[in-house]
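J.: Chain by chain, the residues run as shown.
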Amino acid sequence: LAGRQREGEDRVPVSETRSPQAGRKFGFRPKLRASAELKAAVALIAPAAVALACVTVYPTLYTIWLSFRNTDFAGQQNSFTGLQNFVRVFSDGAFWNAWVQTGYFTVVSTFFETLIGLGMALILHETFRGRGFVRAAMLIPWAIPTVVTSRMFGWMFDGQNGIVNYVLESLGLISKYVNWTGSQAHAMQTIIVADVWKTAPFMALILLAGLQTIPEDVSEAGRVDGAGPFRIFWSIRLPLLMPTLLVAGLLRALDAFRIFDLVWVLTGGGPANSTETLSTLTFKTSFSALEFGYGSSIVVAMFVTEILIAAAFGIFILRAMERTEQ
Amino acid sequence: MIRRAIPSTTLSFHRLRVARGVGMWLGIIVIVAWSIAPFVWQVVTSFTPSNDLVQRTPQLIPSPATLAHYQNVFIERPFSQFVQNSIIVAGATTVTCLVLGSFAAYALARFRLRGKMLTLWTFLALSMFPQIAIVMPLYIVLRAAGLLNTYQGLVIPYVSFALPLTVWLLFGFFRTIPVDLDDAAKIDGANRLQILWHVTLPLAAPGLFTTAILVFIFAWNEFLFALSFMTTTDYQTIPVGIANFPVLYFVPWGDVAAASVVVTIPLVILVLLFQRRIISGLTAGGVKD
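Going line by line, the protein sequences match chains A and B.
According to the working numbering, numbering within the first sequence proceeds without interruption in unit steps and concludes at 967.
According to the working numbering, numbering within the second sequence proceeds without interruption in unit steps and concludes at 292.
So that you can see chain B by itself, here it is in the shape it has in the complex:
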């Protein structure tokens, strides 16, 4: 009796495990499809000729495939200008915030200061302010300073959301570097700035890199400020370019798709290469502990 009972329970246990495994893989397939299917469809659309896009039955694989939409986007529309503007603005924002942020984060992580956690939390609270709440005063100030339709006119407002994020992330990274190394450098006669430059920053390079990626993505994707402050195509960034796609009688979905793919491909590459870093940076602010 006992001998027969044991195999039957192992069998049902085994079945349960198989069922669980199948359920898990189904779930994983759903998650992956959820995450990439809309973008894959956008890629397919960008290679489909306009005539085929208005057929009753959508084509899952474009035949014949066309590069006409990419041609339209880059040759007939000022899209290369948008790409250039986005790279300049996002790049300048990243550099500005890393410089200002590493000074502040270093002081907050290394000095014994009264109210330093308060300072840190104030920085974080400031980043929570809605952009729409400051867009009107910034517009008035930028207009008075003659900075509308300039790169500075976008980089300066971007500091408002990117700098608190930078300080918060770098503070976390600097704290993980052993303070003994600072002390050793101090004995050798290095001052604070030298320690920051020669000891802390090189050791925090992975953290700096993670922060740079996140700030770059946030600046690259920003829309409200760019829409409000950049009124000529000479200075508009890609999101504004895509939002303002000229729509006279119908939406040129193929061109829109091509433009979307161009903006998104660099981000997809960043994400695939650095997912671990990006997730560690993103969860640093969102999770207790």
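The following block holds chain A by itself, in its conformation from the complex:
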């Protein structure tokens, strides 16, 4: 009987959670059944896989192919040029300007979003009445379309009638109105403020979910041993939260590096290219100058940078995970 049972289990390809007794009932015509199951699985997965191959994999390969060509719809040229585009990328001041600005934006916004998000998450981790409402409110910045966020901040930070200038002047923090989005010194800062506003609460919700997976008895044990709230946070919760924190930070940094909507609507990359990012530069190169080939090379360079960011975070994440396992 034991033999038959094992045999029956082998014959029926079903998910891991099923009991061996259940498997026995289907122990007929093993080979046919297995291949039928496989065919069914392939048939079910194929539509989604083909769809993604068409809209993601193929276009990505197409972009790489384009990056080696001088495809230019305005100049009517379209031929293979080898590494010429990449030579141009490396010596292009506009590219490096955008690269530095995108990097600056990514580092500063990710840092503040993670820090503020962590603070919010710790407050939300306490139990209090109306928590559901607070969590719903925190979803609003995430749910608002980024284009609308840009317009909202464009209005609040308006140089003449914006409420931010009014409030800061009333408080005596500035002596005359600042042209936030129209001056090279302040435009990037304004974009960062808008992005931090939009993303910090979202980060908080992700980190809160991470905090809730940390067993409460660990903190309790620390409390019994006489550790204060700060000590419990620093020595117990933070190290245990570190993997979540790093994964969330990585996803955020990769996303921040692609910033397009906010910049496009708030400043359009200006004034004087002081807020130009890699995405807006690519978009302008491709859809205004119609240089699809060169635009693709910028994207490939951007992609390489993203892989480097992911690798750097990856090392930290592995280290943090090793530490928590000890």
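It should be emphasised that the hints constitute simulated quantities derived from the structure, not laboratory data.
Here the structure is a predicted model, which is why all the values come from computation and not from measurement.
Quick reminder that beta carbons are idealized off the backbone N, C-alpha and C, glycines included.
Treat the hints with care, since some could be wrong.
[What the hints assert, rightly or not] Rough simulated footprint, nothing fancy, chain B against chain A, three-plus residues with beta-carbon under 8 Å:
| # | region |
| --- | --- |
| 1 | 818-831 |
| 2 | 842-851 |
[What the hints assert, rightly or not] Computed list of chain A residues with no C-beta within reach of chain B, every gap over 10 Å:
| # | residue |
| --- | --- |
| 3 | A735 |
| 4 | S791 |
| 5 | P870 |
Based on these hints, arrange chain B on the given structure of chain A.
T.: Coordinates of chain B only, in the frame set by chain A:
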């Protein structure tokens, strides 16, 4: 001595607790203000007459309030067209992804397959690809197929980011449904598709709903593809409409605010009604475990 010592420590302990409580509520007030104040200001602006918007001192409560900005947006500008386009595109994207995604997620959750986690992770990795990296080839292909300025021309590219999300979320939801129910249906002679349709999908209805809300919001808010592929106002979605607001000599902030409120109100309602589901869906991908 001992008697006096005990109440004094309880008192300081009590004070500490009160201080902590006050600090917590202050923090909560800051969080709520942070989250809703900019949008509230946008709502106030949308009801303030244009003349009052350019005063040196901003009005916190518009008096008299006006509906002129809403009128401008819907009557003088093609905004009802944008709203209609957004509903069609986001709705069609949601339906397409739920159909394709539930087949794939069901197979991945229920069949014993080699490399199924690899397939799942590949799907997830594909969703991480930056949109800007595929916008140019998609433009070339859509143009060749004559799909620029059509609804399909937007729904098809949206599959690229919405479908991986759908598969990932539905996979998680399907896994929580006991497999015994599948077996029971199998004994009754149901085939895989029948099981999916009559057993798994009805039981996963809350999960399907959560996924639908998230996909709808992502499609509703998408900007880059819509900006690149839809060049006429007949097919543009609301984000493009708001971004392309005609700005000749000054920005019509009142009209912009009214348009922003119109796009955002449905999202705010969704968020207030379904925050628990939305957060569970969002954190499913972002948190280890």
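J.: Hints first: check each against the structure and report whether it holds.
T.: Status of each hint after checking the structure:
Note: the region 818-831 of chain A has 0 residues with beta-carbon separation from chain B under 8 Å; the three-residue rule is not met and the coverage is violated. Only when three residues or more bring their CB closer than 8 Å to a CB of chain B does the claim for the region 842-851 of chain A stand; here the count is 7, and the claim holds. The claim that A:A735 lies off the interface holds: its Cβ sits roughly 16 Å from the closest Cβ of chain B, which is beyond the 10 Å cut-off. Annotated as non-interface, A:S791 brings its C-beta within 10 Å of a C-beta of chain B; the closest such distance is 8 Å.
Here A:P870 does not stay apart from chain B, with its beta-carbon only about 8 Å from theirs, under the 10 Å limit.
When the structure is compared with the earlier hints, violations turn up for hints 1, 4, 5 and for no others.
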